[in-house]
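*Asks:* Residue numbers (the numbering used here), protein chains in the order written: chain P, 1 to 200; chain U, 1 to 200; chain S, 1 to 200.
Errors might be hidden in some of the hints.
[As the list claims (entries may be wrong)] Not the full set, but computed from the structure, chain P residues with beta-carbon under 10 Å of chain S:
1) MET69
2) MET99
3) GLY104
4) ALA107
5) ILE165
[As the list claims (entries may be wrong)] A short list of chain S residues far from chain P (calculated; beta carbon distances all over 12 Å):
6) GLU20
7) ASP48
8) ASP60
9) ASP78
10) ALA80
11) ALA107
12) ASN111
13) THR114
14) VAL197
Hint data in this document are derived by calculation from the structure and do not stem from the laboratory. None of these values were measured; they are calculated from a predicted model. Glycine included, each C-beta is placed from N, C-alpha and C at the ideal position.
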Amino acid sequence: MHTKATEGVFVHPNALCESENVGGGTRVWAFAHVMHGARIGRYCNIGDHAFVEDGATIGDRVTLKNGVMVWNGITVEDDAFIGPGVVFTNDLHPRSPRMPEAAGRYAHVENWLTTTVVHRGASIGAGAVILCGVSIGRFAVIGAGAVVTHDVTDHRVAAGNPAEIIGWACRCGAPLSDALTCSVCRRRYRPAGDSLVLFE
Amino acid sequence: MHTKATEGVFVHPNALCESENVGGGTRVWAFAHVMHGARIGRYCNIGDHAFVEDGATIGDRVTLKNGVMVWNGITVEDDAFIGPGVVFTNDLHPRSPRMPEAAGRYAHVENWLTTTVVHRGASIGAGAVILCGVSIGRFAVIGAGAVVTHDVTDHRVAAGNPAEIIGWACRCGAPLSDALTCSVCRRRYRPAGDSLVLFE
Amino acid sequence: MHTKATEGVFVHPNALCESENVGGGTRVWAFAHVMHGARIGRYCNIGDHAFVEDGATIGDRVTLKNGVMVWNGITVEDDAFIGPGVVFTNDLHPRSPRMPEAAGRYAHVENWLTTTVVHRGASIGAGAVILCGVSIGRFAVIGAGAVVTHDVTDHRVAAGNPAEIIGWACRCGAPLSDALTCSVCRRRYRPAGDSLVLFE
Numbered sequence: 001m002h003t004k005a006t007e008g009v010f011v012h013p014n015a016l017c018e019s020e021n022v023g024g025g026t027r028v029w030a031f032a033h034v035m036h037g038a039r040i041g042r043y044c045n046i047g048d049h050a051f052v053e054d055g056a057t058i059g060d061r062v063t064l065k066n067g068v069m070v071w072n073g074i075t076v077e078d079d080a081f082i083g084p085g086v087v088f089t090n091d092l093h094p095r096s097p098r099m100p101e102a103a104g105r106y107a108h109v110e111n112w113l114t115t116t117v118v119h120r121g122a123s124i125g126a127g128a129v130i131l132c133g134v135s136i137g138r139f140a141v142i143g144a145g146a147v148v149t150h151d152v153t154d155h156r157v158a159a160g161n162p163a164e165i166i167g168w169a170c171r172c173g174a175p176l177s178d179a180l181t182c183s184v185c186r187r188r189y190r191p192a193g194d195s196l197v198l199f200e
Numbered sequence: 001m002h003t004k005a006t007e008g009v010f011v012h013p014n015a016l017c018e019s020e021n022v023g024g025g026t027r028v029w030a031f032a033h034v035m036h037g038a039r040i041g042r043y044c045n046i047g048d049h050a051f052v053e054d055g056a057t058i059g060d061r062v063t064l065k066n067g068v069m070v071w072n073g074i075t076v077e078d079d080a081f082i083g084p085g086v087v088f089t090n091d092l093h094p095r096s097p098r099m100p101e102a103a104g105r106y107a108h109v110e111n112w113l114t115t116t117v118v119h120r121g122a123s124i125g126a127g128a129v130i131l132c133g134v135s136i137g138r139f140a141v142i143g144a145g146a147v148v149t150h151d152v153t154d155h156r157v158a159a160g161n162p163a164e165i166i167g168w169a170c171r172c173g174a175p176l177s178d179a180l181t182c183s184v185c186r187r188r189y190r191p192a193g194d195s196l197v198l199f200e
Numbered sequence: 001m002h003t004k005a006t007e008g009v010f011v012h013p014n015a016l017c018e019s020e021n022v023g024g025g026t027r028v029w030a031f032a033h034v035m036h037g038a039r040i041g042r043y044c045n046i047g048d049h050a051f052v053e054d055g056a057t058i059g060d061r062v063t064l065k066n067g068v069m070v071w072n073g074i075t076v077e078d079d080a081f082i083g084p085g086v087v088f089t090n091d092l093h094p095r096s097p098r099m100p101e102a103a104g105r106y107a108h109v110e111n112w113l114t115t116t117v118v119h120r121g122a123s124i125g126a127g128a129v130i131l132c133g134v135s136i137g138r139f140a141v142i143g144a145g146a147v148v149t150h151d152v153t154d155h156r157v158a159a160g161n162p163a164e165i166i167g168w169a170c171r172c173g174a175p176l177s178d179a180l181t182c183s184v185c186r187r188r189y190r191p192a193g194d195s196l197v198l199f200e
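Could you build the full structure based on these sequences and the hints that come with them?
*Replies:* Right, here's the structure in full:
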């Protein structure tokens, strides 16, 4: 087992953590694999069977539930929740790179790599698939099993295949009624362009 | 490797079985992880890369195909088939538990845990996603790739995203025509409320 | 670790490769499991957490991204790309084989096994689910998150749940406009029945 990680990182004896850029307080669970060159912040939870590739960037306090795959070109900001079995992508028109008809395209990463950002505090539900090139806004919520093909702005809830906007979410995760007051935590919001802002 | 399990349980040398509540005749395959506190019955088959969490309850003769994830709060009754890559959930409005705006909610499990039951003999197709809080009835069939957001009653077949009812299934798994006689095993049924009962 | 494989095969120290029918130049990555009896060609890439079962047949230069599951009865021809988290199936009406009401059906493999073929150069997007019994044509493209329930002919693009045909794809992977000329690689095609052929 390779368990090179910074002080204060817990790496399960059955995990592989090859990155030296993992912050203190982060835990990497059984059969997960964090590659050399992946960057992960502090106090994250990387579930069993998760995979974080060289070139992925993950903030602080992020939860990657079991089996999540995060590739080169994906940025997950602080406090995001990535549900079990969520799959990201980083190539809009993939072919096997060793197929003669496609090998030229894969000779240079800029020919095929398309990036994705999950912004602070967003949640992506179980089993969702995120096409590359999209932005998931702050505190947005992606429903379980959704297939996200377009940007989702801050605080929006999107679900379905392809995902469509179906409502608003509070910072705490609960859905917001049209009155934009959370029935769980009582935060109040007002519209601001495509997003919401808190009444302070 | 931790391989504490009761007599008569097969644990692959590359699996982790930390529970002492696994029944005889059950097999746990490579890279699967059964946590301490998970309960699994007799003669089950737990496929490669499956994950069974502390607090999950699984009956006898259940098949969990590869990569299935079963969490705290999920009950899978006897004889159920859970297809490859099926993902359960146990939180309707997940956020990263260490996000300051959500940490309070995660201080008490009753604030967020929502339970799910898969009843005796049901089948869940490959890659399906099951939202928490639902009941999957006896001998019901969930189509591959379905996203289940509502209860599915006994013997019903549901498919799509979100899943909708599309027919009836026999105990043997075959679809039933409107005549409610199975063309494969010849069992005959009659309607009984939301369900079917066998002509004995 | 079992690492019986032919000369020139790279097997990650945390992988299991039990097959002796793996071609030179193929790489098998961490936590992947290739069973005894699986056949894999040359210059393939078998990602982390992938599973290839006894009875699966995989050609040359195939990419199986992370977490892909390929069962007995599945054939993946040369140069195909199988995206991360793609799940195949091989039983149209699965039940737990040890359930008394279904055990008879599972006594003979011909009672339940349904085969699937992915033809040369096809791509299957991330998280797609492929029902058994279908044929995915040469250079066809299946969108991420699609649920494929019917055949997809050569060069066709299909997406959604259930998957529907939405366009044509070039050998290089790029979508083709109605003029059937690729804007990326400049290949030109003409219609030929359900498929396309190259202008030579």
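*Asks:* Hint by hint, note whether the structure agrees.
*Replies:* Cross-check of the supplied hints:
1. MET69: holds (5 Å)
2. MET99: Interface hint status for MET99(P): holds (4 Å vs cutoff 10 Å).
3. GLY104: holds (8 Å)
4. ALA107: Nearest chain S Cβ about 13 Å off; hint violated.
5. ILE165: violated (17 Å)
6. GLU20: holds (22 Å)
7. ASP48: Violated: least Cβ distance 5 Å, not greater than 12 Å.
8. ASP60: violated (8 Å)
9. ASP78: violated (8 Å)
10. ALA80: It is violated; ALA80(S) is separated from chain P by about 6 Å at its closest Cβ, not greater than 12 Å.
11. ALA107: holds (33 Å)
12. ASN111: Check passes; 30 Å lies beyond 12 Å.
13. THR114: Label holds. Min Cβ-Cβ 24 Å, cutoff 12 Å.
14. VAL197: Label holds. Min Cβ-Cβ 14 Å, cutoff 12 Å.
The structure is inconsistent with the numbered hints 4, 5, 7, 8, 9 and 10, although it conforms to all the rest.
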